[in-house]
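If you read the sequences in order, they're chains A and B. For the first sequence, the working numbering gives the first residue as 31, with consecutive numbering after it. For the second sequence, the working numbering gives the first residue as 1306, with consecutive numbering after it.
Hints may contain errors.
[Claimed, not checked] Calculated cross-link-like contacts (lysine-lysine; reagent style DSBU-like; alpha-carbon spacing at most 30 Å):
{"#": "1", "chain 1": "A", "residue 1": "Lys97", "chain 2": "B", "residue 2": "Lys1412"}
{"#": "2", "chain 1": "B", "residue 1": "Lys1412", "chain 2": "A", "residue 2": "Lys50"}
{"#": "3", "chain 1": "A", "residue 1": "Lys71", "chain 2": "B", "residue 2": "Lys1344"}
{"#": "4", "chain 1": "A", "residue 1": "Lys51", "chain 2": "B", "residue 2": "Lys1316"}
{"#": "5", "chain 1": "B", "residue 1": "Lys1344", "chain 2": "A", "residue 2": "Lys47"}
{"#": "6", "chain 1": "B", "residue 1": "Lys1363", "chain 2": "B", "residue 2": "Lys1344"}
{"#": "7", "chain 1": "B", "residue 1": "Lys1328", "chain 2": "A", "residue 2": "Lys51"}
{"#": "8", "chain 1": "A", "residue 1": "Lys36", "chain 2": "A", "residue 2": "Lys71"}
{"#": "9", "chain 1": "B", "residue 1": "Lys1363", "chain 2": "B", "residue 2": "Lys1412"}
{"#": "10", "chain 1": "B", "residue 1": "Lys1317", "chain 2": "A", "residue 2": "Lys47"}
{"#": "11", "chain 1": "B", "residue 1": "Lys1344", "chain 2": "A", "residue 2": "Lys50"}
{"#": "12", "chain 1": "A", "residue 1": "Lys36", "chain 2": "B", "residue 2": "Lys1363"}
{"#": "13", "chain 1": "B", "residue 1": "Lys1363", "chain 2": "B", "residue 2": "Lys1317"}
{"#": "14", "chain 1": "B", "residue 1": "Lys1338", "chain 2": "A", "residue 2": "Lys50"}
{"#": "15", "chain 1": "B", "residue 1": "Lys1328", "chain 2": "B", "residue 2": "Lys1344"}
{"#": "16", "chain 1": "A", "residue 1": "Lys50", "chain 2": "B", "residue 2": "Lys1330"}
{"#": "17", "chain 1": "A", "residue 1": "Lys105", "chain 2": "B", "residue 2": "Lys1338"}
Derived from the structure by calculation, the hints contain no laboratory data.
One-letter residues, chain by chain:
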Amino acid sequence: MPHKVKIFTLSTCSHCKAAKKFLADNNIEFDSVDVDLLAGKEREDIIEEVVKFNPNRSFPTIIIGDKIIIGFQEKTIREALNI
Amino acid sequence: MTPEELYEMLKKVQEPNGYFFNKNKEWVLTILKDLLINKERYGYMCCPCRLAAGNREKDRDIMCPCVYREADVKEYGSCYCNLYVSQDWNEGRVENQYVPERRPPDKAFL
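The shape of chain B in the complex, shown without the other chains (with noise of 0.2 Å):
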């Protein structure tokens, strides 16, 4: 799959849902790569922005589309990779600021 045919397809998905892609496809193609990256690497979509542990159970949190992201999207207008945005934020509504991460360090792979 290419990084456009996977943009075709979440799109169709996430869209009537309120999660649109960032307007800077060059952004948002970038990271659908290194998310079939990923695939490849681990077997799943993993975040491309967090540190994979390799293993799908302790991983399955930061799965694409994370767990974080409805929170994330709600308070910033954003996810933490900047993939996933609001419309407010498309249309610069609302501030695009830094996304903090709101994984739980105790999630976190060592």
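Just chain A, with the same shape it has in the complex (with noise of 0.2 Å):
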């Protein structure tokens, strides 16, 4: 059974965007957001799950299943992922 991967970006980070990279690269599925391309109340909305994961709501805040990984720390994410 495949993890579920949510990854919460900004579309200039480039520790995000090298994530994202690192995620397609391994063929992993993910769903993302740039959540500094949103826009009021989805925005508010989204932060607020954000915060939720990463009281320090900083960017990538990768959750992979049930563990949260703050940053593109590559070895939390291959061993979250078994990879």
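With the hints as a guide, dock the two chains, each given alone in a separate frame, to form the complex.
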């Protein structure tokens, strides 16, 4: 059963781009959202969601199954995905 | 301004102060391009690795170079974005590890 992967990103953030590239290169399916491109209520709701996982509200915030990984930490991501 | 022009301009100013661009020039030019996008968007070069409030006062501490760069380069050899690094970091004398967010959460705009 593959892990459900969600990644909260910024469109301008290099660590976010690197994390998404890493997932894509490893054929991992993921949902992503560029928080900086949202506005109004949609933005507020997503930020609220990010803060629940990561009170520091930094990016990327990566959710793999029940694990939360803050920042593009390749080794930790590999462990969470068993790859 | 192009990212290349910004690179040459900042390099002259920052290197004498001990802040070097990451030797991965492709990484650096991408960040400089994103800084120029933020300048266009917000009117100032807000850190592209952080969520901007879009308000100059609230974002003052994360205008590039951010106020956290000094402590991060001192402790980790690199700023949060891996844009500015120390010579030791570039030459592999310090481990290129993940730089955690130093900005206090209460500074972050909600």
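Next item on the list: Could you grab the alpha-carbon distance between A:Lys97 and B:Lys1412 and see if it respects the 30 Å cut-off?
Entry: 26 Å, holds
Notebook entry, point to check: Given the hint that B:Lys1328 pairs with A:Lys51, does the C-alpha gap stay at or below 30 Å?
Noted result: 21 Å, holds
Notebook entry, point to check: For the pair supplied as a hint, A:Lys71 and B:Lys1344, is the alpha-carbon distance within the 30 Å limit?
Noted result: Holds - the C-alpha atoms of B:Lys1344 and A:Lys71 are around 24 Å apart, at most 30 Å.
Check: Is the hinted pair B:Lys1363 and B:Lys1412 satisfied, with a Cα-Cα distance of at most 30 Å?
Finding: 8 Å, holds
Check: Taken at face value, is the distance from the CA of A:Lys47 to the CA of B:Lys1317 at most 30 Å?
Finding: Since the Cα atoms of B:Lys1317 and A:Lys47 sit roughly 28 Å apart, the hinted pair holds (cutoff 30 Å).
Margin query: Holds or violated: A:Lys50 and B:Lys1330, Cα atoms, limit 30 Å.
Written below: 20 Å, holds
Check: Does B:Lys1338 lie within 30 Å of A:Lys105 when you go C-alpha to C-alpha?
Finding: 28 Å, holds
Note to self: Hint check: B:Lys1344 vs A:Lys47, CA-CA at most 30 Å. Holds or violated?
What the structure shows: At roughly 20 Å apart (the allowed maximum being 30 Å), A:Lys47 and B:Lys1344 satisfy the hint.
Notebook entry, point to check: Within 30 Å, alpha carbon to alpha carbon, are A:Lys36 and A:Lys71?
Noted result: Between A:Lys36 and A:Lys71 the Cα gap is close to 20 Å, so the pair holds against 30 Å.
Next item on the list: With a cut-off of 30 Å on the C-alpha distance, tell me whether B:Lys1363 and B:Lys1317 pass.
Entry: 29 Å, holds
Margin query: Tell me if the straight-line CA distance from B:Lys1363 to B:Lys1344 falls inside 30 Å.
Written below: Roughly 15 Å between the alpha carbons, so the hint for B:Lys1363 and B:Lys1344 holds.
Margin query: With the threshold set at 30 Å, check whether the alpha-carbon distance from A:Lys36 to B:Lys1363 stays at or below it.
Written below: 28 Å, holds
The structure is consistent with each of the numbered hints, conforming to all of them.
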